[in-house]
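Model the full structure from these sequences, guided by the hints.
One-letter residues, chain by chain:
2 protein chains.
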Amino acid sequence: MKKKKLNSLEDVFDFAINNIKDQMGHITIAIGGIPKISSSNDIIGNCIQEWIPQWLEDNGLEMIANPNSQQFPDFIATLDGKEYAMEVKCWNGENSPAFDLANFDGFYRAVYDNPEMLNAKYLIFSYKPTTHGFQITNIFLKNVWEITKASKNYPIGLQVKQGSPYAIRPFPFHKHPSTSFSSRREFVEAIQSTREMFPLDNMIDPIEWLINIEERFEILTGEIL
Amino acid sequence: MKKKKLNSLEDVFDFAINNIKDQMGHITIAIGGIPKISSSNDIIGNCIQEWIPQWLEDNGLEMIANPNSQQFPDFIATLDGKEYAMEVKCWNGENSPAFDLANFDGFYRAVYDNPEMLNAKYLIFSYKPTTHGFQITNIFLKNVWEITKASKNYPIGLQVKQGSPYAIRPFPFHKHPSTSFSSRREFVEAIQSTREMFPLDNMIDPIEWLINIEERFEILTGEIL
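Those protein sequences? They're chains F and R, same order as listed. Each residue of the first sequence is one higher than the one before, starting from 1 at the first, in full-length UniProt numbering. Each residue of the second sequence is one higher than the one before, starting from 1 at the first, in full-length UniProt numbering.
A portion of the hints provided could be inaccurate.
Pairs involving identical chains hold if they fit within one copy or between any two copies, as the list cannot separate such chains.
Below are the DSS-like pairs computed for lysine-lysine, each with C-alpha atoms no more than 30 Å apart in a straight line [stated by the list, open to error]:
no.: 1; residue 1: Lys-36; residue 2: Lys-82
no.: 2; residue 1: Lys-36; residue 2: Lys-21
no.: 3; residue 1: Lys-36; residue 2: Lys-5
no.: 4; residue 1: Lys-121; residue 2: Lys-36
no.: 5; residue 1: Lys-121; residue 2: Lys-82
no.: 6; residue 1: Lys-36; residue 2: Lys-128
no.: 7; residue 1: Lys-128; residue 2: Lys-21
no.: 8; residue 1: Lys-121; residue 2: Lys-161
no.: 9; residue 1: Lys-21; residue 2: Lys-121
no.: 10; residue 1: Lys-82; residue 2: Lys-5
no.: 11; residue 1: Lys-152; residue 2: Lys-121
These are computed hints drawn from the structure, not numbers from a lab.
Here's what the structure looks like:
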């Protein structure tokens with residue numbers, strides 16, 4: 001594997017495609033020197049999500065993990081002096097992607113506090129379990145609005161627990177990429193509509209939320225929301 | 001490691017104590033031949049729970065995993081022609097034991113259907129994370145009533161989610177073993193009282209539940225509840 005300076009997230013993506021796609025993986029746990037192979041999906045998913053950032057760091061990418069591992073984003077990556085919010089996700093590509101994109105309430109608040117996080121990039125790996133491990137079958141670099149869309153019952157793919165919005169969920173973007181939200185703004189409006197469906201005391205008012213994000217997103221990034 | 005015929009769960013426990021206690025463990029994930037060490041608690045816990053049954057099978061214990069991995073019990077072990085319901089648990093011994101013993105509603109129903117499951121044995125491992133992996137620090141073989149007790153707010157250690165009982169939780173039995181429930185019957189009555197606190201439509205009535213379990217437990221096991 002040749003080292004190459006990674007100057008952008010597109011470089012990171014190309015690097016992953018060139019070096020990891022189609023590769024086989026395996027997980028071994030040894031106790032007292034006796035090795036066994038682990039093959040449950042939970043373990044594979046968690047392990048890949050732990051392996052990828054270490055491997056990217058080995059290859060010169062500066063990544064700072066979020067001290068709160070439950071919070072969005074997973075990492076801040078520094079590329080060519082610029083910081084990027086970055087999430088690393090993976091799923092068993094034989095099923096629909098079932099990873100949580102974020103806790104709904106937490107995301108609603110985090111985006112309000114840091115609207116530039118809407119530009120976070122998702123580096124996503126699909127794998128296929130094999131007899132002795134797994135194979136990395138595909139890799140995606142996506143914006144959040146490219147892996148989400150309205151679901152049957154809600155303005156966005158949403159896991160609802162006992163009447164409250166819980167996790168924002170992706171749709172099978174790998175199969176039907178063209179049906180995602182078409183823009184960042186459409187995604188943000190879907191979050192707003194979802195909040196309106198599930199109002200919460202002491203939470204920022206959805207109208208104020210959007211106006212405020214719109215304004216500050218432009219100041220912070222120079223781009224129109 | 002010398003093979004020895006395992007004739008009882010006490011044999012299994014002795015075998016684990018003699019061969020695994022104080023041993024170091026490590027988890028490696030390799031993708032495309034590049035190995036990394038995994039060290040998150042989630043992964044360690046899941047991996048140990050996957051390693052132990054494989055290792056016991058290597059050593060001649062017949063274990064049949066529950067096809068529904070979310071349901072109690074994890075395994076049916078056959079020892080000397082007799083079947084035992086068995087759970088394998090582990091936790092980071094530097095914290096309080098936080099593993100779920102069972103989903104409350106599922107357990108309430110399962111014990112009603114199969115009262116002999118009250119004799120299920122818990123083979124429990126505590127570990128300590130180390131720089132490159134973990135160490136198995138202690139091993140316990142327990143009955144369910146030896147790892148539970150009344151909590152501050154409920155008749156049993158209970159995780160409550162949005163007003164409903166969710167998971168039955170152990171207490172720090174490794175530190176204060178003498179404060180557990182003193183008998184199987186005391187444990188069963190605590191489950192009954194918890195159900196009375198959280199009545200559920202279409203669920204077996206708690207009074208009938210206990211009478212029925214009492215009667216059938218004796219028929220099935222020859223022991224008094």
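Quick rundown of the hints versus the structure:
no., hint, in the structure
1, Lys-36 x Lys-82, "between (42 Å within a copy, 27 Å between copies)"
2, Lys-36 x Lys-21, "both (25 Å within a copy, 17 Å between copies)"
3, Lys-36 x Lys-5, "between (37 Å within a copy, 22 Å between copies)"
4, Lys-121 x Lys-36, "between (35 Å within a copy, 24 Å between copies)"
5, Lys-121 x Lys-82, "within (14 Å within a copy, 55 Å between copies)"
6, Lys-36 x Lys-128, "both (19 Å within a copy, 20 Å between copies)"
7, Lys-128 x Lys-21, "within (12 Å within a copy, 35 Å between copies)"
8, Lys-121 x Lys-161, "within (27 Å within a copy, 33 Å between copies)"
9, Lys-21 x Lys-121, "within (19 Å within a copy, 44 Å between copies)"
10, Lys-82 x Lys-5, "within (14 Å within a copy, 62 Å between copies)"
11, Lys-152 x Lys-121, "within (26 Å within a copy, 45 Å between copies)"
Hint violations for this structure: none, all hints satisfied.
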